[in-house]
Amino acid sequence: MTTLSDYFDYRLDADGNKYVEVSIRGVTLLRLPATNKGTAFSVQERIELGLDGLLPPQVTDMEHQLERLYANYQKQADDISKYQFLRALQDRTEVLFYALLERHLDEMVPIVYTPTIGLAVQQFSSNFTTTRGLTFSAANIDRAETILQNYPLHDIRMIVVTDSSSILGIGDQGMGGLAICIGKLGLYTVGGGMCPFQTLPVNLDVGTNRAELLDDPFYLGAHTQRLHDQPYFELVDKFVNSVQKVWPKAIIQWEDFAKNVAFDLLAKYKDVMPCFNDDIQGTGAMALAGLLSACRKKGETLAEQTVVVVGAGAGGFGVASTIKKGMLREGLTMEQILQRIFVVDAHGLVVKEATTEAYKLPLSHTQESYHDWDIPDDRVPNLLEVVTHAKPTVLLGLTGVPGLFTETVIKTMAANHAHPIIFPLSNPTANCEATPEDILEWTQGSAMVATGSPFADVQYQGRRYPIGQGNNAFIFPGLGLAAVLGECSRISDAMVLESAYTLADYIAENCLTAGLIFPPVGDLKQVSLFVANRVLAKALEDGSATRQDLVGIDLEAYVKANLWKAEYLPCKYAGAAVTN
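The opening position of the sequence shown corresponds to residue 2 in the numbering used here, with each subsequent residue numbered one higher.
Since the hints were made in silico from the structure, they are not lab data.
Careful, some of the hints might be misleading.
Label pairs and their computed distance ranges (CB to CB) [said to hold, decoys possible]:
hint, residue 1, residue 2, range
1, Thr407, Pro57, 25 to 33 Å
2, Gln462, Asn141, 25 to 33 Å
3, Arg32, Gln462, 55 to 63 Å
4, Gly54, Asn128, 27 to 35 Å
Computed cross-link-like contacts, SDA-like style, restricted to lysine to any residue with a CA-CA straight-line distance of at most 25 Å [said to hold, decoys possible]:
hint, residue 1, residue 2
5, Lys526, Gly576
6, Lys250, His155
7, Lys561, Cys512
8, Lys299, Gln337
9, Lys246, Gly134
10, Lys561, Asp107
11, Lys326, Thr367
12, Lys566, Asp524
13, Lys19, Lys526
14, Lys250, Val273
15, Lys83, Glu95
16, Lys299, Leu517
17, Lys269, Pro249
18, Lys246, Leu517
19, Lys239, Cys296
20, Lys566, Thr40
21, Lys566, Leu70
22, Lys566, Gly544
23, Lys353, Arg380
Each residue gets a CB set at the ideal place from its N, CA and C atoms; glycine is no exception.
When you get a sec, could you build the whole thing from the sequences and use the hints?
In structure tokens form, the structure reads like this:
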């Protein structure tokens with residue numbers, strides 16, 4: 002088994018008890034987040050590890066540390082200050098950070114992830130304090146293999162990588178995108194039980210086209226225009242090839258890549274290495290799970306729905322493609338599906354005659370689809386016209402355009418169906434296509450609403466409407482954990498689709514009676530384990546998992562036995578005992 006690091010590793014003593022073996026002592030030990038327990042080091046550990054006198058004399062346990070930290074957290078003035086507080090804690094003592102995050106999951110996930118992560122990305126350079134993860138650029142990509150070999154963690158199993166070209170709804174953010182990779186990996190650990198010392202956030206700094214960054218003397222990224230075409234893909238190739246050589250068991254999650262490269266990268270690598278795109282596949286699985294849940298709540302099937310997806314980027318087309326796979330699974334033909342899924346972009350309905358992007362063609366329509374809609378020949382139907390004539394039961398927003406779902410559009414949905422399903426899924430919050438309050442007001446409380454960003458429950462005419470958050474975090478930690486535990490050679494479409502149906506089954510069992518279309522964030526760990534079990538079984542079934550020795554065993558017990566826990570373990574020095 003590969004050691005975690007030259008500086009520390011997990012070991013078992015003669016009685017089978019876990020401990021941390023360290024090869025460093027004194028101040029160096031306190032400066033390494035993986036090994037620092039702060040005031041929780043026992044007196045004996047302080048003596049043996051050269052910490053005697055370096056810490057306040059009072060030995061405290063984790064419980065007291067958590068109480069003190071939470072009190073200080075509550076004193077922070079605003080969300081970005083809370084984010085900085087938690088990031089500083091993570092860079093100081095990793096175990097304690099995850100213990101605090103797990104204890105206050107509902108409160109802190111919106112701080113370390115959406116929506117606050119958007120601000121953290123935008124303010125990355127101005128708030129930068131400590132390094133985390135790796136950055137590759139045109140200046141160092143030819144040394145990528147050496148850089149990976151020099152990284153202090155040796156058994157990397159999960160990499161979240163971005164080129165920062167399409168962050169949330171705020172676009173090109175250059176170097177700042179690294180923050181979102183850090184946030185995603187935090188959820189892999191607190192939700193999916195992934196060992197944080199086997200994860201790596203990576204930014205591919207291929208430049209930025211955002212003038213405000215290029216003109217900012219304090220911007221820490223490369224002050225160059227973005228690479229594109231062959232030089233761009235050559236840089237990504239060098240990164241991927243180096244990962245495969247140094248960490249052949251690592252999974253790569255592609256994060257926030259612009260649509261013009263996201264589909265190409267996924268198509269290029271998905272069958273030759275274990276990787277997935279969270280914006281395309283994770284968002285798609287999440288949205289399908291929510292749609293299945295809403296259908297169950299209405300007593301209907303997915304096959305009965307007509308769906309309008311607004312937004313044809315990585316997220317929007319990923320959602321449409323995943324719904325298509327769900328409809329195929331439920332028995333519809335492709336001809337029937339094309340009569341039930343309508344994708345709308347900034348120009349209107351996506352039609353073959355006006356489409357130049359190949360990834361859109363499988364779900365694009367022809368003019369025959371709307372020949373009787375009385376649309377002038379010189380243009381395609383706009384959103385309102387599609388909603389009016391196609392009479393969809395479902396409206397999904399993934400545009401990042403606030404207010405796009407107007408009162409007229411929403412009222413047209415309600416006029417056509419008693420209980421329309423309307424999910425404005427864009428984030429951060431300011432980019433939501435419509436607020437839940439407005440949607441419920443415009444539909445007189447009849448719509449079934451979920452959002453991509455967190456919103457408070459809505460009170461309307463004396464009734465409380467719970468607003469579920471369609472969060473990719475209900476998909477990717479379980480999907481990624483299954484891929485790691487199964488040592489998958491690929492992440493198949495069947496695995497992704499299974500994650501969607503598994504999430505829908507969890508919701509049916511635990512949330513629908515409370516009126517929720519998605520689980521509360523506090524259920525993240527239970528959801529992730531539920532997803533991991535089923536996806537791992539699917540990976541073994543379809544041959545994606547190389548760990549065929551797992552066939553026939555109790556997968557639930559196996560997954561639980563391999564979860565990392567945020568707990569302090571005894572620390573022992575790898576060399577001979579040393580006393581001061």
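To see whether the hints hold, each was checked on the structure:
{"no.": "1", "hint": "Thr407 <-> Pro57: 25 to 33 Å", "in the structure": "violated (59 Å)"}
{"no.": "2", "hint": "Gln462 <-> Asn141: 25 to 33 Å", "in the structure": "violated (60 Å)"}
{"no.": "3", "hint": "Arg32 <-> Gln462: 55 to 63 Å", "in the structure": "holds (58 Å)"}
{"no.": "4", "hint": "Gly54 <-> Asn128: 27 to 35 Å", "in the structure": "holds (33 Å)"}
{"no.": "5", "hint": "Lys526 <-> Gly576", "in the structure": "violated (37 Å)"}
{"no.": "6", "hint": "Lys250 <-> His155", "in the structure": "holds (12 Å)"}
{"no.": "7", "hint": "Lys561 <-> Cys512", "in the structure": "holds (23 Å)"}
{"no.": "8", "hint": "Lys299 <-> Gln337", "in the structure": "holds (22 Å)"}
{"no.": "9", "hint": "Lys246 <-> Gly134", "in the structure": "holds (18 Å)"}
{"no.": "10", "hint": "Lys561 <-> Asp107", "in the structure": "holds (22 Å)"}
{"no.": "11", "hint": "Lys326 <-> Thr367", "in the structure": "holds (21 Å)"}
{"no.": "12", "hint": "Lys566 <-> Asp524", "in the structure": "holds (17 Å)"}
{"no.": "13", "hint": "Lys19 <-> Lys526", "in the structure": "holds (23 Å)"}
{"no.": "14", "hint": "Lys250 <-> Val273", "in the structure": "holds (13 Å)"}
{"no.": "15", "hint": "Lys83 <-> Glu95", "in the structure": "holds (16 Å)"}
{"no.": "16", "hint": "Lys299 <-> Leu517", "in the structure": "holds (13 Å)"}
{"no.": "17", "hint": "Lys269 <-> Pro249", "in the structure": "holds (17 Å)"}
{"no.": "18", "hint": "Lys246 <-> Leu517", "in the structure": "violated (45 Å)"}
{"no.": "19", "hint": "Lys239 <-> Cys296", "in the structure": "violated (45 Å)"}
{"no.": "20", "hint": "Lys566 <-> Thr40", "in the structure": "holds (20 Å)"}
{"no.": "21", "hint": "Lys566 <-> Leu70", "in the structure": "holds (19 Å)"}
{"no.": "22", "hint": "Lys566 <-> Gly544", "in the structure": "violated (29 Å)"}
{"no.": "23", "hint": "Lys353 <-> Arg380", "in the structure": "holds (13 Å)"}
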